[in-house]
Amino acid sequence: MKDLRLILNRVLRAAPWLMAGGAALALLVLIFGISLLGVSGWFITATGIAGLAGAGIAFDVFRPSASIRFFALGRTAARYGERVLTHEAVLHALARLRGDLLAGLSARPAREVEAMRSEAALTRITADVDALDGLVLRLLLPICAGLAAHMLAGLALWGIVGAPMALAVAAGYVPGAALALIRLGRLAPANAIRAEAATQSLRRDMIAGLRDRAALIVAGLLPARRAALLAQDRAARSAAASLDRAERDARAVLSLLPGLAAALALLTGGWMIGQGAVGPAPAAIGFFVALGLGETLLALPRGLAELGRMRDAASRVAPLLRDAAPHVPATPLKRAQTGPVLQAEKPELLLKAGDRVALTGPSGSGKTTFLWQAAGLLPPDAPILLWGTPVQQWPETDLRTRLTLVPQRAALVAGTVAENLALSGCLDRAEMERALDAVGLTEVFQARQSLETRLAEGGTGLSGGQARRLAIARAILRRPDLLLLDEPTEGLDDASAARMLSGLHRALPDAAILCAMHRHADDPVFGRIVAFNMRDW
Amino acid sequence: MSRQPSPSASAARQIEAPLRGQLARASALSVAAGLVWPLQAAAVAWAIAGWVAGDLTRTLLAAAIFLAGTMLRAVLDHIAGGILFRAGDRALADARARLIDREFAAPGPARSAAMAALVAEKLPLLLPWITRYRPAMARARVIPLVYIAIAAVIAWPAALVLAVAGPLIPVFMALIGMAAESASRRHLAEIGSLNALLMERLGALIDLRLLGAGDRARADFDARAEGLRARTMAVLRIAFLSSTVLELFAAIGVALMAVYVGFTLLGVLNFGTWGRGMGVAEGVLLLLLAPDFFQPLRDLAAAWHDRAAGLAVAAELTEAEDAPRQPMLGQGAPATPLPGRLRLRLRDAVAALPGGARLFLPDLDLDAGQSLAISGASGAGKSTLLGVVAGLVPLDVGRVEVAGQNLDAGNADAWRARLAVMPQGMHLPDLALGDWLGAGDPTAALRLAGAEGIVARLPDALRSRLGETGGGVSGGEARRLLLARAIHAGRELLIADEPTADLDRETAAHVIASLRALQAQGRTLLVASHDPALLAAMDREVRL
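Chains as they are written, first to last, in the working numbering: chain A, 1 to 537; chain B, 1001 to 1544.
Take the hints with a grain of salt, since some may be wrong.
In the DMTMM-like style, the derived pairs of lysine to aspartate or glutamate whose C-alpha atoms are separated by at most 25 Å in a straight line are [to be verified]:
(1) B/1122 - B/1101
(2) B/1122 - A/205
(3) B/1122 - A/312
Covered stretches of chain B (in silico footprint by chain A; criterion: 3 or more residues with CB under 8 Å from a CB of chain A, positions within the stretch not fixed) [unchecked claim]:
(4) 1056-1062
(5) 1097-1107
(6) 1245-1253
The following label-pair restraints were derived from C-beta to C-beta distances [said to hold, decoys possible]:
(7) B/1439 - A/353: 56 to 62 Å
(8) B/1075 - A/66: 37 to 43 Å
(9) A/431 - B/1513: 45 to 51 Å
(10) A/449 - B/1396: 31 to 37 Å
(11) B/1347 - A/449: 42 to 48 Å
(12) B/1222 - A/390: 32 to 38 Å
(13) B/1513 - A/346: 27 to 33 Å
(14) B/1055 - A/174: 37 to 43 Å
(15) A/464 - B/1358: 26 to 32 Å
(16) B/1020 - A/245: 20 to 26 Å
(17) A/1 - B/1460: 32 to 38 Å
Derived from the structure by calculation, the hints contain no laboratory data.
All of these numbers come straight from a predicted model, not from anything done at the bench.
Virtual Cβ for every residue (Gly too), placed ideally from N, Cα, C.
Take these sequences, add in the hints, and give me the full structure.
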């Protein structure tokens, strides 16, 4: 519940005035609707009495009929305003929640962030954020507005008709609603979580199966895989069926309540008239108000049915939103940074400005880990000094201006080539062209629309080698003093690799460049080759 | 109420056809529940008229009738809801099973992640449409007419108040329908793209941080999210406006009815009651009918959103079913291995690719114990050729001869029982490694593939789960595990697609040595590659 509160807090704070306005209008809609019925009921009964008494002419028709018109039009207007304001507020909140999630995650340790890159983790997190969308619209708002409407209606009935009528209506609604909603609140979460888990594993296994399809077919495992997927489908549907059953039961009980309350109001009205406590017209108000209050219950079962799913989602999303302790000190460096560009003990490495060094070693030897440590993404195992200062003492922003790492799986985003390059912070198109030329991509994009070539989601539309070179071009635009590259030539043929390496050499003449690579380490660009095998130590 | 056959409407009909009986029964129950209300209203009207006349004895009976009516309605709705859920559940089960079958037997162009999302998460959107739209439609067709008839018997102006809205109903429904459908589609798409944006940014977080672009990226994300919000709201405003018209009519209907009845009871208005005059009972009855007259229309407007979402999914389903597909030979089921000496002949073969494309293939000969490499630039069709040999890609012209027989749908499974494949992609599923490798003791296969050390390093050895992206193992290690699995299958012909791609020289050398050791054990090898070291290690090479 703590997690859910944190999310709720964020959602409500995203656009508090819109949300408050929406909530107020939601209450007005209910009040106007109930008043419309109550006043109409009173009006008809009262006019009936006046008509029978022959006092029709003396009856003041103006105020009741004006208020009936007012409530009718007011309800419509309030409804429209409520829908616009609450949706506006929720959309703000959704964008905000996703942005916060992004910011929260980016401050977390690199390993954790890296683990988020798998498709399963990404889908999981977006499904979770989606589940939280209904928190306000389908749960909080209807409950609050409904409770307020019941209390106001109770007070009004107390004043206009009398205490017994207010109590009768409350007696009709409160116990039944509490019972039905508590029961649903108990039954729904487990089933909602079960349904969601089964749906997620169906999705995950479907992806895994399709990707491994050829091997499955050759192994003769297709029917078995199909049966397994259908079993997951059955599990998901059976949980959904239990959830539907619980929701339908609650709905049935809730739909009885307006009838029960109205019947009680009718009996109470008759009794109060018999006692001489009240006339028939005010007594009728009780019945009509009891009926009108039914509207407060309509939205609740759906929201409660989703409560479990929301709680489940919040337990995963909320920790990501809480501030992670910054792992790099934010205090600026006091000492002047003068030492060699990079100095490391394991492997023994000394890089000066303008050096080009290839780091070789079999896969799994720890090259990538070393680069990540040198880039300040992971805590180092052995001292790594950058310009004479231990890497862990560098403030994040200073470090990023002087050093860039292009990881093995460099990520591109949907948009134009220029937009991808602009992530470096450089907006100069001529410089972008030069960077593309340095990595040998000019011809590739010239055939398309140069810098305006559009890439699909995640940079789809480029080959592996092209995507890698684009990421390297982006790194060149940062003009770093130290450039770390993880397998920059993977997916490139020899000619393209040689061209890219020499282009890089010319583009950043003064920078130190360290490449972890298993091919092309013998390229003339490299002054030194450092063989590396961390597992041997 | 669009009657013109659109792709989504015909897709919808296809889904609804097997459910017609259930939908009809549920609709009938739902209409019956709606018709209980006039009886309840009459009982209350009778009691309140009694109050006015000084007769309080009717109250108890009226309250009992009212409560019983409420119960009857709740029960009828509950039963109808059950029938509808079962119908929707069946439609979902059918659609899922169909799509799973089709996608595995003959994959289409959709990415596996998109297809999985359709199967797991989007298809359930069919349910709200099936469970809500039809019964709402049935109620909207019957109940308002019955109410107008009841009102007409009491006083024709009252019926007129209701009937003025009557002819306008289809107009407004179409209006609401169009606006809501487009809004819903847009809204769904916008939410989708906000999620796509989020997923992409999450995937790029490390890079953004390394580029020092964290703040820029946040600002950019906020700007794009804001754009999505503004566009979504613009559509929603229209959608809300059109349903507000319905709300307005409902509210005005109740107000007009109350005022007409009140003035008639006062004697200010005295027309329309067929000369009988109007009593309190008739007045209360008319007032109670008015709000409920509009309720079916409100339900229908609400269900229209579900319908739009359901139809969008139905259209996507149809699109997935109509997409050009790559069929395979056989079922992919376990089979007794095809008898005869292992021999592969490819003659004048032209592969049939999805959408009618064709690919000419070279003639091939491969005998038991030999190794053959297929080389060629990427995109030349190396993988297609391997697919043809494994019966995963059918031929348009020519023949594949395996173990002395023509490869066809009848013997494909039996032929594949003699093959193992090592796919190019390095996807390790979220399974225990031991289960993924297959039944039996994989030690020998792991040793041959040089993967023993990898398994030993994993925290739970063979019980470790590797996850979709091979969490915990590097690309080279994943490759060796894939090789170990192919070896462990113990089949005679090993087909390997780029087994040394993206590997460092030492690991690649290890993989090549493993392949040669396999051949020395008498297995037959067919590999596609552009790695010179691997090509040199095979007996022969065919260039595409």
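Q: Please work out if residue 1122 of chain B and residue 1101 of chain B have their alpha carbons no farther apart than 25 Å.
A: holds, 17 Å
Q) So the hint says 32 to 38 Å: do the beta-carbon atoms of residue 1 of chain A and residue 1460 of chain B match that? A) Check passed, 34 Å falls within 32 to 38 Å.
Q) That 45 to 51 Å hint for residue 431 of chain A and residue 1513 of chain B (C-beta), does it hold up? A) 47 Å Cβ-Cβ, so the 45 to 51 Å window holds.
Q) Has the hinted range 32 to 38 Å been met by the Cβ atoms of residue 1222 of chain B and residue 390 of chain A? A) Hint holds: Cβ distance 35 Å, inside 32 to 38 Å.
Q: Confirm or reject the coverage of the segment 1245-1253 of chain B by chain A under the rule of 3 or more residues with a beta carbon closer than 8 Å to the chain's beta carbons.
A: holds (count 4)
Q. For the pair supplied as a hint, residue 1122 of chain B and residue 312 of chain A, is the alpha-carbon distance within the 25 Å limit?
A. holds, 20 Å
(Q) Tell me if the beta carbons of residue 1513 of chain B and residue 346 of chain A are separated by a distance inside 27 to 33 Å. (A) Cβ of residue 1513 of chain B to Cβ of residue 346 of chain A: about 30 Å, so the range 27 to 33 Å holds.
Q. CB of residue 1020 of chain B to CB of residue 245 of chain A, is that within 20 to 26 Å?
A. Taking Cβ atoms as reference, residue 1020 of chain B and residue 245 of chain A lie about 24 Å apart, which means the hint holds.
**Q.** Given coverage of the segment 1056-1062 of chain B by chain A, tested with a Cβ cutoff of 8 Å and a minimum of 3 residues
**A.** holds (count 4)
Q) Per the hint of 37 to 43 Å, is the separation of the Cβ atoms of residue 1075 of chain B and residue 66 of chain A within bounds? A) holds, 41 Å
Q: Report holds or violated for chain A covering the segment 1097-1107 of chain B, Cβ cut-off 8 Å, minimum 3 residues.
A: holds (count 7)
Q | Range hint 26 to 32 Å (beta carbons of residue 464 of chain A and residue 1358 of chain B) holds or violated | A | holds, 27 Å
The structure shown violates just one earlier hint, number 14.
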